[in-house]
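Going down the list, the protein sequences come from chains A and B.
Under our numbering, think of the first position of the first sequence as 1, with each following residue one higher.
Under our numbering, think of the first position of the second sequence as 1, with each following residue one higher.
Be careful, since some hints might not be right.
Unchecked claim - Think about it this way: if two alpha-carbon atoms lie no more than 30 Å apart in a straight line, the pair counts; the simulated DSSO-like pairs of lysine-lysine are:
1. A:Lys107 x A:Lys4
2. A:Lys142 x B:Lys368
3. B:Lys133 x A:Lys147
4. A:Lys47 x B:Lys161
5. A:Lys35 x B:Lys162
6. B:Lys8 x A:Lys84
7. B:Lys12 x A:Lys142
8. B:Lys242 x A:Lys69
9. A:Lys142 x B:Lys242
10. B:Lys278 x A:Lys138
11. A:Lys107 x B:Lys161
12. B:Lys161 x A:Lys35
13. A:Lys107 x B:Lys12
14. B:Lys368 x A:Lys69
15. A:Lys147 x A:Lys47
16. B:Lys242 x B:Lys330
17. A:Lys138 x B:Lys368
18. A:Lys107 x B:Lys8
19. B:Lys161 x A:Lys70
20. A:Lys70 x B:Lys368
21. A:Lys47 x B:Lys324
22. A:Lys35 x B:Lys368
23. B:Lys222 x A:Lys107
24. B:Lys162 x A:Lys69
25. A:Lys35 x B:Lys360
26. A:Lys142 x B:Lys360
27. B:Lys278 x A:Lys47
Simulated from the structure, these hints should not be mistaken for laboratory data.
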Amino acid sequence: MSQKPLKTGLQQATCTLVAECLVRALQYLSTADSKIRAEAHNWPSGKTLRLEVPGAGGFTVTGTPWGFKKLDKETAGDVTILFKSPSDAFRVFTGQISVGQAYAQHKFVLRGDMALAMPFVRCVDITEGYLFPEFLAKRILKRLPEKEVSPARVYAAVVLGK
Amino acid sequence: MGAYYEFKLPAKILSGSEALEHIPHELNTLGAFRPLLLSDQGLEKVGAVKTVLNALAEGGMTAVETFCEIPPDSSIQVVNRVAALFRKLGCDGLIALGGGSVIDTAKGVSMVLAQEGTDLMASAGCEVLPRGKHVPFAAIPTTSGTGSEATIVAVVADPEKKVKMEFLSYHLLPDLAVLDPRMTETLPPRITASTGFDALVHAIESATCLQRNPVSDAFAEKAMGQIVRALPVAVREGKNRKARMVLANGSLLAGAAFSNSMVGLVHAIGHALGGVCKVAHGDAMTILLPAVMAYNLRQGTCRERYSELLLHLAGPEVYAATPKEVRAEKAISFLEALRRELAQVCGLPETLSETGKVRKEDFGAVAKTALNDGAIIVNPAQADYNDIIEILEEVWS
Chain A
1 MSQKPLKTGL QQATCTLVAE CLVRALQYLS TADSKIRAEA HNWPSGKTLR LEVPGAGGFT
61 VTGTPWGFKK LDKETAGDVT ILFKSPSDAF RVFTGQISVG QAYAQHKFVL RGDMALAMPF
121 VRCVDITEGY LFPEFLAKRI LKRLPEKEVS PARVYAAVVL GK
Chain B
1 MGAYYEFKLP AKILSGSEAL EHIPHELNTL GAFRPLLLSD QGLEKVGAVK TVLNALAEGG
61 MTAVETFCEI PPDSSIQVVN RVAALFRKLG CDGLIALGGG SVIDTAKGVS MVLAQEGTDL
121 MASAGCEVLP RGKHVPFAAI PTTSGTGSEA TIVAVVADPE KKVKMEFLSY HLLPDLAVLD
181 PRMTETLPPR ITASTGFDAL VHAIESATCL QRNPVSDAFA EKAMGQIVRA LPVAVREGKN
241 RKARMVLANG SLLAGAAFSN SMVGLVHAIG HALGGVCKVA HGDAMTILLP AVMAYNLRQG
301 TCRERYSELL LHLAGPEVYA ATPKEVRAEK AISFLEALRR ELAQVCGLPE TLSETGKVRK
361 EDFGAVAKTA LNDGAIIVNP AQADYNDIIE ILEEVWS
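So here's chain A without its partners, still in its complex pose (with noise of 0.2 Å):
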């Protein structure tokens, strides 16, 4: 029987942490970031995103006036980011690349209807330039968002989990 490689099962825990932060983090600035407040208010009402990392689970979120919400663990997306392989997913939540290079780049696939993951997709890139570092987020978004709170605020709400 093969077993997992390590490294596998390193880059699937470090993805399974990755976008807890990254749900909290979401949830957060949808109340402190007018753009994500906005987006978040613009969602069509009851319509959800799931995203997915091979042998990681995923998450599944939707907008309501209120902010981002995130639904049960296992409730199906109307559109759902399925990664490739765990080491794609690797790669975007450590900042190794964005979301649109990601797309750019074939590492994963879009089932439903592509309008509705673009909002994410931009709350995603805002999020990004909150939580890494300056030259990270250089590196990987094409425009630095203006933030509106302090990262440290941010980072405190990630921790604490509100």
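Fit chain B to the supplied structure of chain A, relying on the hints for placement.
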């Protein structure tokens, strides 16, 4: 250029005189003997459908039915209706004769049939579907613009949402891309110009977007040279078969290029103008191209690449005579001059106001729709709502 790329072009290309007559043999080898022919009423009226039926008959093939009710902006409903007809008649292959709308409809039909479904919307997404059941499929373009005969993309309208839906799958590619000079020589100058400019935009955006790769660059660079030289001739002398075939091949090459590297902001805004205001796709491309290139330059991207493209657009003499630091701007002004030349010959619109289809009040809806178009992801420069409004203002008049 990205660290990783993928490229696929499995279509067999039948290009040149009497290419149509080879379709029966090629379809037979793919296992199709009872094809459904899809086209539109305009092509039926000018005799193009009859020409194809006669060519099929020469090879001993008869289309089970000829469906010519595909509108200029086909919809999900039309696709589903044709898929049901295909099943009802027991067809085993598809022949699409037309421009982008007809070929994209056929792609949608082939996708519904391959997935053994009834609704195209169930297949929405990007690279997500398995191959499914193979439906032999020949595409015969009657415009030299969309390059749809060589692309993995199908654009089909969702009239309820007023958007053009993009379906992306490697399994959408036709088995046969048939370029026959008889199919484009009756195309009016105005449509030749507009669709030709669309092909040029495919080449330029695919050669500059984030997903470009060495193979797509080779296709795109060859395509743009062929298009800029053949387009003015084909517009002035529609019956010039040589120019028509060079243009058709340029369009196919550009299609193959962008199919594997995608397009950018010109297309994101252009799709939105089509969805919201019904601006013809080629017209939108014509109007937007120089302004979006200038925008990309202002944002600090593309200077080196646009400079390189001057060689393929204007030729070695102009390239060599232009100082290095202004080659990018020269590439843009070359395209503006080409557009002006075509506008003078056949009335190609140069501004949005000239189309008569857009009101300034629509700009907000167009910008919002463009932001949700997948093409914007791979544009080299970031563009937000205000940037798109600025571009629309710039091309208004």
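Quick rundown of the hints versus the structure:
1. Pair hint Lys107 of chain A plus Lys4 of chain A holds up; C-alpha atoms about 20 Å apart against a cutoff of 30 Å.
2. Simply put, Lys142 of chain A and Lys368 of chain B have alpha-carbon atoms about 19 Å apart, close enough for the 30 Å limit, and the pair holds.
3. Straight-line distance between C-alpha atoms of Lys133 of chain B and Lys147 of chain A comes to about 50 Å, which puts the hinted pair past the 30 Å bound.
4. Under the criterion of a C-alpha separation no larger than 30 Å, the hint pairing Lys47 of chain A with Lys161 of chain B is consistent with the structure, at around 15 Å.
5. For the hint linking Lys35 of chain A to Lys162 of chain B, the alpha-carbon distance of about 25 Å falls within 30 Å, and the restraint holds.
6. Between Lys8 of chain B and Lys84 of chain A the alpha-carbon distance is near 18 Å, which keeps this suggested pair within the 30 Å criterion.
7. In summary, the hint linking Lys12 of chain B to Lys142 of chain A is not supported, as the alpha carbons are separated by about 38 Å, beyond the 30 Å threshold.
8. A distance of roughly 60 Å separates the Cα atoms of Lys242 of chain B and Lys69 of chain A; the hinted pair therefore is violated under the 30 Å criterion.
9. Only pairs whose Cα atoms come within 30 Å are accepted, and Lys142 of chain A paired with Lys242 of chain B is rejected, the gap being roughly 43 Å.
10. Pair hint Lys278 of chain B plus Lys138 of chain A does not hold up; C-alpha atoms about 38 Å apart against a cutoff of 30 Å.
11. Proximity of Lys107 of chain A to Lys161 of chain B is assessed by CA-CA distance (about 29 Å); at most 30 Å being required, the pair is judged to hold.
12. This hinted pair checks out: Lys161 of chain B and Lys35 of chain A have alpha carbons roughly 24 Å apart, not beyond 30 Å.
13. Restraint check: the Cα-Cα separation between Lys107 of chain A and Lys12 of chain B comes to about 28 Å, which is no more than 30 Å; the hinted pair holds.
14. With a CA separation close to 23 Å, the supplied pair Lys368 of chain B and Lys69 of chain A stays within the 30 Å bound.
15. Using a Cα cut-off of 30 Å, the hinted pair Lys147 of chain A and Lys47 of chain A holds, with the two alpha carbons roughly 28 Å apart.
16. Taking the CA atoms of Lys242 of chain B and Lys330 of chain B, the gap is about 28 Å. The hint holds against a cut of 30 Å.
17. Distance restraint check for Lys138 of chain A and Lys368 of chain B: the Cα-Cα separation of roughly 25 Å lies within the 30 Å cut-off, and the hinted pair is therefore satisfied.
18. Restraint check for Lys107 of chain A and Lys8 of chain B: the C-alpha separation of about 16 Å stays at or below 30 Å, so the hint holds.
19. Pair hint Lys161 of chain B plus Lys70 of chain A holds up; C-alpha atoms about 27 Å apart against a cutoff of 30 Å.
20. Between Lys70 of chain A and Lys368 of chain B, the direct Cα distance comes to roughly 25 Å. Compliance with the 30 Å bound is thereby established for this hinted pair.
21. Our distance criterion of 30 Å between C-alpha atoms is broken by Lys47 of chain A and Lys324 of chain B, whose separation comes to about 50 Å.
22. The suggested pairing of Lys35 of chain A with Lys368 of chain B holds, with an alpha-carbon distance near 14 Å, which does not exceed 30 Å.
23. For the hint pairing Lys222 of chain B with Lys107 of chain A, the CA-to-CA distance comes to about 28 Å; that is within 30 Å, so the pair holds.
24. Note on Lys162 of chain B and Lys69 of chain A: the hinted pairing holds, with a Cα-Cα distance of about 28 Å set against a maximum of 30 Å.
25. Between Lys35 of chain A and Lys360 of chain B the CA atoms are separated by roughly 24 Å; this keeps the pair inside 30 Å, and the hint holds.
26. In summary, the hint linking Lys142 of chain A to Lys360 of chain B is supported, as the alpha carbons are separated by about 29 Å, within the 30 Å threshold.
27. For the suggested pair Lys278 of chain B and Lys47 of chain A, the alpha carbons sit about 27 Å apart, so the restraint of at most 30 Å is met.
When held up to the earlier numbered hints, the structure conflicts with 3, 7, 8, 9, 10, 21 and fits the remainder.
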